[in-house]
Each structure stands twice: as C-alpha cells, then as structure tokens.
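*Asks:* Based on the hints, put chain B with the ligand in the right spot on chain A.
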Amino acid sequence: MGMTITEKILAAHAGKEAVRPGDLIDARVDVALGNDITAPIAIEQFRKTGRKTVFDKNKVVLVADHFAPNKDIKSAQQCAFMRRFAREQDLTHYFEGGNAGIEHVLLPEQGIVLPGDLVIGADSHTCTYGGLGAFATGVGSTDLAAVMATGRLWFKVPETVKFVYSGTRRPWVDGKDLILYTIGRIGVDGALYQAMEFTGETVDTLSMDERFTMANMAIEAGAKNGIFIPDGVVETYVHQRAERPYRFYESDPDASYKDIVEIDVSGIEPQVAFPHLPENVRGIRDVGKIPIDQAVIGSCTNGRFSDLATAAKVLKGKKAAPGVRLIIIPATPAVYKQALTEGLFDVFLDAGAVISPPTCGPCLGGYMGILAEGERAVATTNRNFVGRMGHRKSEVYLSNPAVAAASAVLGRLAGPDDLGVLY
Amino acid sequence: MRFEGRAWKFGANVDTDAIIPARYLNESDPEALAAHCMEDEDSRFVFDARPGDIIVAGTNFGCGSSREHAPIAIKARGIPCVIASSFARIFYRNAFNMGLPILESSDAVAGVSEGDTVEADLSSGRITNLTTGAVFSSKPIPPFMQRIIQDGGLMGHIAKAKEKE
Ligand code: SF4
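In order, the protein sequences belong to chains A and B.
Offset between the first sequence (1-based) and my numbering: plus 830.
Offset between the second sequence (1-based) and my numbering: plus 6.
Only chain A is shown next, with the shape it has when bound in the complex (with noise of 0.2 Å):
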C-alpha cells in the first residue's frame, strides 16, 4: 500500500522502508530551531545529558527574534545566555541584531530548510516549512535538547487527512482566508496529532508565501503538521538558496487518508477571526460595526514580502483612521529592505503607520504594540487568545493583509471593498 508524503518522509529518516499511522519511530534530524524563550531551557536540559557539543554545528539554528531586540532586562539575559553558547558551540546558523528576522520567515529565506527535510523547531509554528514539503513539527525545550545531543528524536507516525480545494479565489482572497476558513469548518482540535495535507487544483495557484501562511496555521487545527507536495514553485523558490541536496517527496495515489475534506473556495470570501480562538471564523460580509484600535501587519504567517505589497496596495494615498494605530512588521532584514526599496515605506509612513524592526513583537504580546484593557486589534498574527497580545481583557480580530490595512483606513473591521480599492 501507498503512503503520504509525511509517512515517506518519516521512513526516511528512520531507515525505513515503510511506516504507518501509529508507528512509534526513531528518526534523523536535519534541522532543530531555538528562539530566545525556548533556547535557554534547553540549553539547560542539554547541559545536563552531560554531552559537551551539539551534534551538528550546521543543524541547530538559534534566532532571537521574540523579546529581540532585548525587549527588558530579563530578555537581554535570556538573548545574552543563548548568544553564549551559540559562540561556544560556534554554530553556523545563529541570529540576532541586524541579521535576525522571525524565524519561520527567516529559516527558509535563507535556504536552512529545504524540501524533503525532517525539521523540529522548539517553536509551535515550526509546522511552516510543510509549505516547501518538509515534515516540520513543534516540540518543548526538552525535545530540543534531545536532539541537540543526538541528533534524533522519537516520532509518532501522525495519521493524515487531506484537503482538496478547488475552484477560483474572490478578488482579496488568500492562502490566510483557506486556512482560517478551514479552521473554521474544522476546530482548533479539527486536525489534533494528525498531519494536514493541502492539495487541489487551487493550491496549485497559490505563491510560495501563501503557502508558508497556510502551513503555519496547521498548529491552529491542533495538527502535528501541515504540508505541501513541492511543485515549479518551491522549485523556483529554494534552487537559488539551497546550498545542499534535496528532495521532493509526494503521496502515492493509493495511500491511505484518515479522511478527505473537499473545498470549494469560490465562496469564500476574505476571513476574520474573532475573539478568542482562530475557528470563530465570518466572512467579511458578516462582521458588522467593529471599531478597531490598532491594526497590526506582520508576524510568521503574514509578515513576508507579498503581505507587505498586499497592504501597501490598499494603504495607497490614505490614512489610517484618527486613533487606529497602525503597526507594520517586516519578518525579515531581507523582507524589510525589499519593502524600503520598492517604495512600501514611503505608502506606510504617509498612512500614518509605525514600521518596526524585524521581531515576534506584540504577535505574542511580546511589546511593540501591546493592548490596554477593552481595545481591540486587528491582526495578521496566527493567534487570538484570551490576553495574547496585551490586556487580557483586550481582543484580536484574525485576518489577511488586505482586511487590516482596509480596517486601519476605516477605523473598523472593514474589507478592501469598504474602500473601494481595485483587486
């Protein structure tokens, strides 16, 4: 019988012919990420297996990227810890200051995660690099420092469902709209301990970033995964940056699926996620007179380049409403001098907006934008916990690029439409 992307790349990194659904594995790993909260934890858990290197200086990746740069003094110790022994270990792939961005944004851009990969990320949203067709998971500190002594980690096989989508995207529709309307249609425990795989022949139309937005969000489905089968467009995307070998796996036409789940998304109209979990989805049309305090446009899942031309499109010639506080987050050094070059400054700061540096930042109430008690934000972000971006009697709205710039113009939850922008 035939397996699924995610069983062939699980086989193959433990050695094995073939696994199934359930399969308790013991597989290589080719990348583990650290950021400035969870590195340090595991730094303190490898220190204790009594191993004094990492098994591979060219695979663990630290980034400080959440309360960087030093967002307090505590923070600084935390960046100040990891930054001593990333030097120690002399590791290939560290980040910090000018160089560091949010790492899922970062990691690929920069060609560490390739297709084919197993990754492990002490991070949630480390399930971003199935865009590209990796197997990539989030796991604890502890995990993390697993494997940074061996290079291994056990695995249960996860079983995999399948989405399939079809049909033609509205104008202003994109890879955030599927995934919120999938967590929609699914639960926040829809996709719990299984992989998600995105297919269909509208995924064949969707960009490398929305790809990656998709993907990022399978954690908010309670999934293990989510993945792609890499195409001419991850091709395009990692022959210039990959600097070792990789593969593209893809599912056998008769492996098995825990279930199959058909979409058609001409429907569907842009998304937004109200308080307090990204399933309590509503199409534009449906969410009535909102004001908004701050908009925030950035983050892991929308914080890449065509987010940023996605907003500067609709911010064209406005401002944002008196009061609204308009936050942009470029992900990355590289998304962040793309945007200076190519004129998105000069569209942002006439709007009236407050373009930060590269950093997690309020995403996770981190700072650069935290709410007070009772206001409300619309954001890009991936979640919209209870307190998750500041006061825990504050909210966040969860949408596309285009509904947070459109909403920052109106002062309210409102869609490009509401402004009479062109698609």
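No wet-lab data here; the hints were simulated from the structure.
These figures come from a predicted structure and were not determined experimentally.
Careful: at least some of the hints might be erroneous.
The calculated lysine-lysine pairs, modelled on DSBU-like cross-linking and capped at a C-alpha distance of 35 Å, are [unchecked claim]:
no.	chain 1	residue 1	chain 2	residue 2
1	B	145	A	992
2	A	904	B	145
3	A	986	B	145
4	A	1088	B	15
5	A	1143	A	901
6	A	878	A	846
7	A	878	A	986
8	B	145	A	1143
9	B	15	A	1223
10	A	887	A	901
What the simulated footprint calls covered on chain B by chain A, stretch by stretch (three residues with Cβ under 8 Å from a Cβ of chain A suffice, anywhere in the stretch; the number is not a length) [stated by the list, open to error]:
no.	segment
11	16 to 30
12	60 to 69
13	85 to 95
14	98 to 112
15	151 to 165
Just so you know, even glycine gets a beta-carbon here, dropped at the ideal spot from N, CA and C.
*Replies:* Same frame as chain A, now just chain B with the ligand:
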C-alpha cells in the same frame, strides 16, 4: 503512582497563554512562573490553589504554543496531575518530558465538579471521584513513562540512565 486532591474545573481549549501568559516568559524560574499559573483563565487560582490540587479540564488542554513553561508552571504550583478530555499534542509531550503526569478521560471530566476530591492512579488509569464515589477509567501510564515522571522528567531520566552505565 497515585494522587489525591481537590479538583479545579476548567473548560475546553485552555491554551498555553492562559496557563502561563507570554508576558511572563522573560524568565524561566519555575517558582516565578508558578506565581502566574492560570492567571488569565481564573484569577482565583493563583491565590487559592493548594499544593496537591488537581486540574480537571475539557478537550484540547494546553493548545497553542510549544512553551514548556506551561507544564513547568503547573508542576511548580504543586499540581501533581492534570485530567482532561484530551490534550494538545505538544503539551502532551512536554508534560511527560517535564515529569507532570496527565490522564485522558472525558467520562471523568464530565463526572467531576469543582471542589470534588479526586483520586488518580497512574498504573491502572483509574480515576475515582471520592466525593461522589463514581469511578472512571483512562489509559494507564506505562511503567517506563512513570519512571520518567519519578526521575523528574526526561532529562533527569537520561542522567539517571547515564549514572548506571
Ligand atoms: S511571529 Fe508570533 S507566532 Fe510567529 S514565531 Fe513569533 S510569536 Fe510565534
């Protein structure tokens, strides 16, 4: 291993931001994290929870981020065990790695009210509501996983294994 304690009842989808808000993640000292455990979910918890109390929650407990700070905060708060209808995947892994035992049983969650006294037996998976006398079953925790818990988590367990070599 068995535990007995007073139940704190929570709903479904208690996420890691509710267990330990990200604003406190600029440090990783267990006691400091414990001081804010469940703060945004139920502000009474930080003041009124007693060591030995047991958390009983709905489906998808621990969803959201991969932060180990979540099971660390719960454990450091003196909670010996969490019973839920289901757990989010990364939390499940982290809990065992941190030495926090967790049991899955929708029946037990439905049959326990806030404040009831609950007994949980890891070896048999038996959960007893001592207040009402009702008995529920959950998947037993295999002996090797119990040893990880006894050794204080995966790293303690690995270190112990190394000593014996
Ligand atoms: S941008 Fe937000 S979701 Fe992404 S890694 Fe940073 S904190 Fe996590």
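*Asks:* Now, for every hint given, state plainly whether the structure supports it.
*Replies:* Hints, one by one, checked against the model:
no.	hint	in the structure
1	B:145 x A:992	29 Å, holds
2	A:904 x B:145	41 Å, violated
3	A:986 x B:145	17 Å, holds
4	A:1088 x B:15	32 Å, holds
5	A:1143 x A:901	32 Å, holds
6	A:878 x A:846	31 Å, holds
7	A:878 x A:986	25 Å, holds
8	B:145 x A:1143	54 Å, violated
9	B:15 x A:1223	22 Å, holds
10	A:887 x A:901	28 Å, holds
11	16 to 30	holds (count 7)
12	60 to 69	holds (count 3)
13	85 to 95	holds (count 3)
14	98 to 112	holds (count 4)
15	151 to 165	holds (count 6)
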